[in-house]
Amino acid sequence: MVNSVIDNKLKDPSLAIGNTDSALFAGLVSHGVSMAIEVYVDRRDNWIKEEVEGASKLMDADITRLLQKLNLPGSLDALDKPAGLPPSLLRRSEEIRSMGGTDALQALVDEVQTLGRLWGGLAVCPEEIEGASGAVDPTEFNLSGILLPRK
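Heads up: the sequence shown begins at 1051 in the working numbering, then just goes up one per residue.
Everything hinted at is true.
Pair by pair, the computed Cβ-Cβ distance ranges are:
1. M1085 / D1062: 34 to 40 Å
2. A1111 / E1145: 36 to 42 Å
3. L1165 / N1121: 32 to 38 Å
4. L1158 / K1107: 42 to 48 Å
5. D1153 / T1114: 33 to 39 Å
6. K1099 / L1135: 39 to 45 Å
7. E1101 / G1150: 48 to 54 Å
8. M1149 / L1120: 26 to 32 Å
9. D1153 / L1117: 29 to 35 Å
10. D1092 / L1120: 39 to 45 Å
11. R1167 / L1120: 30 to 36 Å
12. N1121 / A1086: 52 to 58 Å
13. K1061 / V1091: 42 to 48 Å
These aren't lab readings, by the way, just hints derived from the structure by calculation. Backbone N, C-alpha and C define an ideal beta-carbon position, used for all residues, glycine too.
Construct the complete structure from the given sequences, taking the supplied hints into account.
Right under this line is the structure:
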């Protein structure tokens, strides 16, 4: 007739879960611990969003404002595009490069400064002439301070 058969896993449950020395539900955490973890993760995400991303957006806005103030491109992609400089400016830059570039420009600046020092001593002020020869009519001087010949 009918004979009842009990499965071995039901007779000995340790065969189903493995032979371990730890308790069956040892890996589960309490509800309080899981809530604490959720609160921590939520606060961490909010802090990152408010502090880090907020500061990043403020710095990006400051940089964008500064670049616009200096009339510079806002991205590196703009540097790849042609700048659209006037042809006369491009020709002049090539001319300066052919002259020797920044070294030639520095030599020109030095020459202008030297000439300025040399000619600076030759300029005559109306006050100096007035002190030397008496009263002088200020209308006899041109804009550079040099005495005009009388007619």
